[in-house]
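S.K.: Each chain, letter by letter, is given below.
There are 4 protein chains.
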Amino acid sequence: MSVPTLTEAQTETLHRTYRHLHQHPELSMQEHRTAEFIENRLAELGVESFRCGGTGVVGVIRNGDGPVVAFRADTDGLPLQEDTALEYASTATGNLPDGTEVPVMHGCGHDTHIACLLSATEVLLSARDTWAGTLVLIFQPGEETAAGARAMVDDGLWDKAPVPEVVFGQHVMPVESGTLTYSVGDALAMSDSWKVTVRGKGGHGSQPQDCVDPIVLGAFMVTRIQSVVAREVDPRESAVVTVGSFHGGLKENIIPAATEFTLNVRSLDPATRDVVLGALRRIIMAEAQASGAPEEVIEELSHFPRTFNDPAATAEVVRGFEAEFGADRVVESAPLMGSEDFGALAEAIGVPSVFWMFGAHDRGVLDSQEPTPVNHSPFFAPVEEPTLSTGVRAATTAILSRLGN
Amino acid sequence: MSVPTLTEAQTETLHRTYRHLHQHPELSMQEHRTAEFIENRLAELGVESFRCGGTGVVGVIRNGDGPVVAFRADTDGLPLQEDTALEYASTATGNLPDGTEVPVMHGCGHDTHIACLLSATEVLLSARDTWAGTLVLIFQPGEETAAGARAMVDDGLWDKAPVPEVVFGQHVMPVESGTLTYSVGDALAMSDSWKVTVRGKGGHGSQPQDCVDPIVLGAFMVTRIQSVVAREVDPRESAVVTVGSFHGGLKENIIPAATEFTLNVRSLDPATRDVVLGALRRIIMAEAQASGAPEEVIEELSHFPRTFNDPAATAEVVRGFEAEFGADRVVESAPLMGSEDFGALAEAIGVPSVFWMFGAHDRGVLDSQEPTPVNHSPFFAPVEEPTLSTGVRAATTAILSRLGN
Amino acid sequence: MSVPTLTEAQTETLHRTYRHLHQHPELSMQEHRTAEFIENRLAELGVESFRCGGTGVVGVIRNGDGPVVAFRADTDGLPLQEDTALEYASTATGNLPDGTEVPVMHGCGHDTHIACLLSATEVLLSARDTWAGTLVLIFQPGEETAAGARAMVDDGLWDKAPVPEVVFGQHVMPVESGTLTYSVGDALAMSDSWKVTVRGKGGHGSQPQDCVDPIVLGAFMVTRIQSVVAREVDPRESAVVTVGSFHGGLKENIIPAATEFTLNVRSLDPATRDVVLGALRRIIMAEAQASGAPEEVIEELSHFPRTFNDPAATAEVVRGFEAEFGADRVVESAPLMGSEDFGALAEAIGVPSVFWMFGAHDRGVLDSQEPTPVNHSPFFAPVEEPTLSTGVRAATTAILSRLGN
Amino acid sequence: MSVPTLTEAQTETLHRTYRHLHQHPELSMQEHRTAEFIENRLAELGVESFRCGGTGVVGVIRNGDGPVVAFRADTDGLPLQEDTALEYASTATGNLPDGTEVPVMHGCGHDTHIACLLSATEVLLSARDTWAGTLVLIFQPGEETAAGARAMVDDGLWDKAPVPEVVFGQHVMPVESGTLTYSVGDALAMSDSWKVTVRGKGGHGSQPQDCVDPIVLGAFMVTRIQSVVAREVDPRESAVVTVGSFHGGLKENIIPAATEFTLNVRSLDPATRDVVLGALRRIIMAEAQASGAPEEVIEELSHFPRTFNDPAATAEVVRGFEAEFGADRVVESAPLMGSEDFGALAEAIGVPSVFWMFGAHDRGVLDSQEPTPVNHSPFFAPVEEPTLSTGVRAATTAILSRLGN
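Chains as they are written, first to last, in full-length UniProt numbering: chain A, 1 to 405; chain B, 1 to 405; chain C, 1 to 405; chain D, 1 to 405.
Since the hints were derived computationally from the structure, they do not count as laboratory data. Remember, predicted model here, so these are calculated numbers, not experimental data. It is possible that part of the hints are untrue.
In silico EDC-like links for lysine to aspartate or glutamate, alpha-carbon gap of 16 Å or less [to be verified]: (1) Lys251/A <-> Glu260/B; (2) Lys251/C <-> Glu316/D; (3) Lys251/A <-> Glu299/B; (4) Lys251/D <-> Asp155/C; (5) Lys251/C <-> Asp129/D; (6) Lys201/A <-> Glu299/A; (7) Lys251/C <-> Glu299/D; (8) Lys251/B <-> Glu295/A.
Okay, chain A solo, but in the shape it has when bound (with noise of 0.2 Å):
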């Protein structure tokens, strides 16, 4: 197996289109300019494309015969207001679900996502003689929300798309440009969240007598919680219980006839995960009982699936990565307690997916004395090179490793 490089002019495009993306944003599952520009570069690139799950954009590769492979390249921006000094600095902006209009920026690198898997399409069109088999392209909206592999999958994706044995993907990272990091088995925890609404019985707060408190019993409920994680939890098992929002009441004196709190549940294991989500919800109906309170409400605001990275899938791509990069560039490391909806789409199938990380920041930037800048920051500026064509050569190394000569 030989890995092409880029030519000039493949990296001068890389670099134009990265540009481009990164100044047009778009908020979840409203990624309508960002598909337009996929299907565009496609059509140029003599790939057949088509829509799913809304604003996602599918292309496939037949090249003879041979395995399929897919990759993922997921396409949304953030809320948020970017603060990066780059001249091709994002001023757009977009409407939340509710209406209000906000800043966005590709604020989690999606961006480079999009550009590299696009780049390494031209390279590996370009040398199709290197490899035989069906490659999907998979660029998928709606990551932020978890609401995009879902998308495409309820959509049909793998009844009009070929299915393929592996499903790959990659995300920029703040460690060093010109690395790649991986994990063996769990990769990113399982995230779930919901938003509770407590119940209770409002009233003057000079006669609790005849109220149900609902900002006592919200706190009884997120005390209660701690001790979820604390005695229930295998000890060896990871999981993480975070009440991220409480919000109740208007004035000082006046007992609130509800109050709201959101929470977010990571974990690697699934069992862990059942044990953590039966043990929250038990809890949070127990303690409205205990205030003889109303039942409470709970709303799954978002579940992000298990990233778990199949051991001999994964093996077969290190030692790609390996060959390509050298040793040294290639780091093992635990998994990351973040999450993603990638797994989401091999699962719907029973394949195995593998996903790695290539790396964002020179080291000037991560040896500076302040804070560097990560995903989700108004700073986060990832040095364009080695980044992107680190991010390109991984790709189509994940790629050849499959369907290599």
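Starting from the known structure of chain A, fit chains B, C and D onto it as the hints suggest.
M.R.: Same frame as chain A, but now just chains B, C and D:
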């Protein structure tokens, strides 16, 4: 002592005044037009007056040698959308201190207080020969925010006005119109309100170990606070601690840097108040330490003083009431847990005070299956008669009980 | 009505009786020798008597036509090592229900109650012509455990004895000897005690995920219980919930299978009692559910009924006291949060009752820098005079206030 | 390297030794007869020995030039009534530090550790030509209380014995007899135990306002402690905090003056341990302040150090095991949350150590529907073979992997 009756013309003026005031409520400490209205009416009656504490108005009537008595009526409305269907319902608006425009309503019945005191003044002036002494009329702004009595005292009320030997005041209440109620000793609760800013250290919900979670901390504060009334207050004393609002965090998976809650304390006994406030401060400080959190900030929002009815002065007033209304219309009651800043006026000069309630509703309203509209309800609409004439007669009676021949 | 005075001989008998009783205390429901002593003394006085409720003794004196009045004295001692240095201090021992041998002391002063009632009987018998009616003398066992009044009623007390129109009782207290105190209406608190067995699932401390931790569960119950008095009881009502013991676990790294705690509730108002007991049961059950624990067991340990002084009957007795002792020796007080089972006697037949306190200490003891020895203290030693003669006079006065000519 | 096999006579001695030890267990730091037994056996084998740390015994075998290796076997039994039905079951008793007489059992299998090390010594002595160097045999008392390793080190173990370049140890476990398990890096958890005396101010349950309730305070400490593992420990690290006992109060209506609880902390990573212990101390101190309580006392009961398997040394041992037993009988496992004081021996001199497990049960026991008897169970009865010969072979193999020709 004989209490003059209202003439037909006086009654007509009383009702016109009341309806005008009801239609033109103003927010606390912004009672500009109300103050002008009162000043004009006092001038019409030939009573000298001066401003005090911004929108407070003080009238002084000197009627020969005799004791000095003060009578207070509070003048502010509430940020409430009136929903009474009265033909003279308010459509007024006002601006909260933060600039927000809100509807305004005389939802606590202070319009009856003003109208009754102006009418009692008219009655007493028309019967100057039945009494002797000095009457100080205090039209006090900002009762709802506990700001007005303080503002008048701070503005030199008792330097500018004759110092009375007793201060009277009254309040309309959702009991039967035509009846009066009173307590001996404690009449209303003290009230103290705080805003507590719970400071933590924010971060991502998947990395709680790098954060100090202010929602968990705040929840522990709220649960811990329950032990104050339960364990530190003498069970035979009365105290309430209500956490009326709790707000922190924007997103389920982001640990905020801070959260804030407000609380209100009700107590009847000053020693109990000290116990409760001391325990709250101790717990809040210690819980912050338990979390390793930065020092939280406790801001005092308001303090309503004790409303204490001097037993001897109260007995004198009650004797007058019983003679005027009949003993069955004058009912002793347990102290109420509501609050007033009336007490600050007498407290500032160390003289006794007496505060009573007069009824607002006819029996039909009180006996109805529907919830009785109480003060601060958008539906609070005292029946005009006998409510207003009872307020006038009660005021006149109380004043004459001290100043009458 | 004129109250006979004690003769020298009667006084001598009174003191001898008291010292004998003080030296021979017995534990609750084991007052065998005390009962015999009382029976013998009644026989000496020519009063017919019968046993009721095991170690209870009832004497009946019929003295012509007239009302029936009952007077109760309780008879049990406490498992306490007397430390009074009195020459007639107790060295008695007894056996707790579980068989443990313990020292016994009349640490609550029931010996004064017996001696005074026997002496009052003697006085009244010697002045039969000054009164008419029937007097029922109730020497009740087991007050300390709330078992005795119940046992006598269950054993048919009111079938066997004439049914009185009022029941009287008195208690010695650490206030000034020679004075009496009383309350109108509520006099003492109701008391309810529970034992709660918190069931979990034990195991090794390193594997909490396989256990249900009953110590964590019990701790959540205790903290949650704080909200009952704080939020569910009208602040103007009185209630206390004390968790007096909590025991579980043997070793720091073994999670026990169960833990247990006991609690005691004090309340004055039956509706408040219902609120508190209902809330406790609700919270305990719901917290077990919140832990996914097996159902816990609540065992009722004891119930002390309301001690309510009928206002009219109390007024009659107080008028007698004031005439006999002077108004300055008869003091009205707020209800005490202590408890008694006296109320169960009158409650069983729906008649009024009156219960008052007589002082135990001279001013030197009360004004001393040392802590005043209170009931249940190993140092509780009422000064003999005027304590005992006051108790006799108070009993005689109360009885004659109803039966006297 | 070739590992000598046990002769028939050696096997017979091994079993006889084991049964004798099993029948004569002694409590921690009281292993007097066990120490004598070991000394006698070493003397029979011609091995010089000395006492160290009271009941510890150290044997030294010098066999020419070569590395120094130490091997530790722990020697104490448990206060447990044996219930195994073995013909050689223990009927021994002993006295706890407080004097209580208790039954004693080798319920943790330390008898197998002693027997196997003595047998391995015999085997190695009979094959002196196959190895060279110095072997230090450490028969350590008091493992169960974390006192023994510390006592030996404090008594100058490494001044008196040759300093080894590696320390080995092994433990019998309820896995399949004939198999070995090991971890690389962290092998067992650190363990720290505290006793916390929660001081309050006692009094009558009806007057909580005069008390500082130590049961409520302790309950708040226990609930607050749940947040340590939940919010302060990196979710990818392992930690457990168990409050294993909580005791306070004698009677439901008396608030005790103090209560006490014990807790145990398990952790793998020293930094995590610091975080947890620091947080516990901070919370306990601050909660006492929140109650206005006197300063509580934290007493450290025990500390079990890290059991860390040096990766290189472990790899060497495992290679030996795999050669001797076959790779399928040698299984890598995740670290266990149990604890050992073995690590303190190597830690004191900064040399690597390796600790592994050997199986106790045959498949019939493991596959049974009945719960598997684990260490510290009254039913823990390792099957004699192949358990004992496996322990001997594992010890011999590990030693020869370093000292063998």
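S.K.: Each of the hints needs a verdict: does it hold here or not?
M.R.: Against the structure, the hints:
{"no.": "1", "hint": "Lys251/A <-> Glu260/B", "in the structure": "holds, 12 Å"}
{"no.": "2", "hint": "Lys251/C <-> Glu316/D", "in the structure": "violated, 39 Å"}
{"no.": "3", "hint": "Lys251/A <-> Glu299/B", "in the structure": "holds, 14 Å"}
{"no.": "4", "hint": "Lys251/D <-> Asp155/C", "in the structure": "violated, 29 Å"}
{"no.": "5", "hint": "Lys251/C <-> Asp129/D", "in the structure": "violated, 50 Å"}
{"no.": "6", "hint": "Lys201/A <-> Glu299/A", "in the structure": "violated, 20 Å"}
{"no.": "7", "hint": "Lys251/C <-> Glu299/D", "in the structure": "holds, 14 Å"}
{"no.": "8", "hint": "Lys251/B <-> Glu295/A", "in the structure": "violated, 24 Å"}
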